[in-house]
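Now for the letters of each chain:
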Amino acid sequence: MRVLLVEDDVDLSRQLKTALGDAGYAVDHAADGEEAHFLGDTEPYDCVVLDLGLPKIDGVSVLERWRRDGKTTPVLILTARGAWSDKVSGFDAGADDYLTKPFHTEELLARLRALLRRSAGIASATLSCGGLRLDPRAARATVNGEPLRLTSLEYRLLHYLMMHQGRVISRTELVEHLYDQDFDRDSNTIEVFVGRLRKKIGSDRIETVRGLGYRLTPLPGESTEG
Amino acid sequence: MTGTSGGTTGTETAEPKARSWGRWFGRPGRSLTLRLIWLASLWIVLALILAGWALTSQYQESALRRLGNMLGQTIDEVVLASSATPTGIQVAEIKDAQTLRPLSGEYWAVAEPDGRGGLKVLASSPSLAGEALSVPADLPGRLSAAFGQMISYTAEGPIGRPLRVAASMKRLPGREAPVVFMAGIDRSDIDSDTRQFATFTWTALLILGVGLVIAVLVQVQIGLRPLFDLRNEISDVRKGRIARIAHNYPLEIQPLAEQVNRLLDQNQETVERQRTHVGNLAHALKTPLSVMLAEAGNQAGDLPDMVRKQTEVMKAQVDHHLRRARAAARAQLLGERTAVAEVLDEMAVMLERVFEDKAVEIDWRAPDELGFRGERQDLQEILGNLIENACKWCRHRVRISAGPTGLGQMVVVVEDDGPGLPAEQREVALERGARMDETTPGSGLGLSIVVELTRAYGGRITLADSDLGGLKVLLELPAAEA
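Residue numbers (this note's numbering), protein chains in the order written: chain W, 807 to 1032; chain L, 2 to 483.
Everything labelled a hint here was simulated from the structure, so no lab data went into it. Accuracy of the hints is not assured; some may be wrong.
Stated by the list, open to error - Facing chain W, according to a computed beta carbon distance under 8 angstroms, are these residues of chain L, among others: (1) S153; (2) E157; (3) I160; (4) P163; (5) V214; (6) A283; (7) A295; (8) R354; (9) I363; (10) G385.
Here a beta-carbon is modelled for each residue, glycine too, at the ideal position from N, C-alpha and C.
Start from the sequences and build out the full structure, keeping to the hints where you can.
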């Protein structure tokens, strides 16, 4: 397993390098954003530990560039500020997990293991509907190549609609598949989630069939094969 | 020192003056409207009283002058008709109906000083019917002092009605001793005319005064309207409905509106600067703390244990004090509105990914139009920590619902299906911040940050049991009016 460690503090990077090495990872180290971007762009890492406060180019920008170039390597960000707005912007840029400084080394190692475990299963048994793509094993969805930010309930709804695309699905059927338990079973719930999903994927993709339910269709001009 | 004492004296002398000024014109800090109306009305009343007095006295004076002219004419006629005889004065008949008809109201008389300070009547008009024109005691003296000139006075007439009397001392050809010619005329007509004029004038002025005061009222209301508009807009800024003052105001208060906007900008800048400082300080301290923690983490023994423990304490202290400073700076920020649904969505998406191993499901509900009256970063901080806490403790489910409660407040309820918190521990959890979640990885300060920020916004936080089985956190926060 190759890990890229991006951290500008000399002492901390030395310690982390040692700890990661001891845990069995092959570690490359970058001390600034430019070097990090270059390494991440050229070498096939399994995972990246990225500090956000970096010289030259900040961590969020580095991450954004990788994601724009199609790099899907899982990234764990280290933030010193600990503010949620930083975490949110990190996630918007494509991070997979965060850790707030100061942290225990064991915590970092545990998070890395979890990240690698998650990304290991990714394969390409994807569902698609026009510009929409959904990868059930990674539980990720994209619209026209842009990653969709979905909550699990929204994801589950989209998954069900994509598995039955082109067919009209009643609200009752959707409610039954949205929740495992018997909680909150009213059809308003479905309207709420369909509304949110429309905002994120484009309102024309989900058609309301009056009195019957909903139907997912590709946009006119998009081919189902996508 | 000198400057300070001088300043104090200045304030002391200024105060009583302000107070007496205030007593008359409405205290500064009270109503500007009242002050303007009060001042204008006072001026109107004074001006109208002055005008009324001038008009009526002028009218009376000219009426009396007219009477004086008539009396002078009568005297001239009598003088022309008079001639001296060895026995006294002979007055030829004057063909004037008014002086012939008894008690007609127009009279004349011819007299001479009797040598004892009085007057002896030599002849009088038939209209007097034997009565005499009354003579003030000092008249003969004044007449001889102003020889040939006319002296007027008011006296009671023969039938008890007021008379205007004129008298003049003259010499007749062929007679050594001076002769006094007198003429009198009833002045009750003139008096009633004057009274009528006064009544009319005062009535007209009263109506004018009332009209003017009403005009002032209207003018003040219209004139001050931009001020009321400005007040409303500032209150909208406070309530978070608008971020800046946008309205165009008249020349006089536009600078005020611009200054308020500049103040808002400055406020924002200060907060921004403070946040940057705070962030920089946190960044500067936390990396060394990480180094110490990592260094100690590799070794066993008393010293590394102590370093680990103390590093945690330092981290907690840094977090605690920095957040407090941020919260204090933030609560002063005005005019911010944050969409709650957006923040809930980004938090839910992010935290589900973070807790993916546990397959946490975050079900959130909030109306799209619900707004938090405050900064986005703060709502992220409050909800992020609460939801992260819920995700840590839940088995699989986290439920969040947010909605307005009216009266400018909103409530956010965060529930989980975890083990919950016994009632007796809830107080402690809120009081001391959430030390008890230290067993779960991550910051142990989540709840204390939430409590501090919530209080800085004047909100409230309550803990209860959730029907999902775990903890239910009720958060009351100020809502932005739509």
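Hints and how they fare:
Interface hint at L:S153: violated, since its Cβ lies 98 angstroms from the closest Cβ of chain W, which is beyond the 8 angstroms cut-off. At about 102 angstroms, the closest approach between the beta carbon of L:E157 and any beta carbon in chain W exceeds 8 angstroms, and the interface hint on this residue is violated. The restraint placing L:I160 at the interface with chain W is violated, with a minimum CB-CB distance near 104 angstroms, outside the 8 angstroms limit. With a least beta-carbon distance of about 97 angstroms to chain W, the hint placing L:P163 at the interface is violated under the 8 angstroms criterion.
Given hint, L:V214 at the interface with chain W, is violated; its Cβ is 59 angstroms from that chain's nearest Cβ, farther than 8 angstroms. The interface hint given for L:A283 holds, since its Cβ lies 5 angstroms from the closest Cβ of chain W, which is under the 8 angstroms cut-off. Interface restraint check: L:A295 against chain W, minimum CB-CB distance 4 angstroms, threshold 8 angstroms, status holds. Taking 8 angstroms as the C-beta contact cut-off toward chain W, the hint placing L:R354 at the interface holds, the least distance being around 7 angstroms.
At about 6 angstroms, the closest approach between the beta carbon of L:I363 and any beta carbon in chain W falls short of 8 angstroms, and the interface hint on this residue holds. At a threshold of 8 angstroms, the smallest CB-CB gap from L:G385 to chain W is about 4 angstroms, leaving the interface hint in force.
Of the hints listed earlier, those the structure fails to meet are numbers 1, 2, 3, 4, 5, in rising order.
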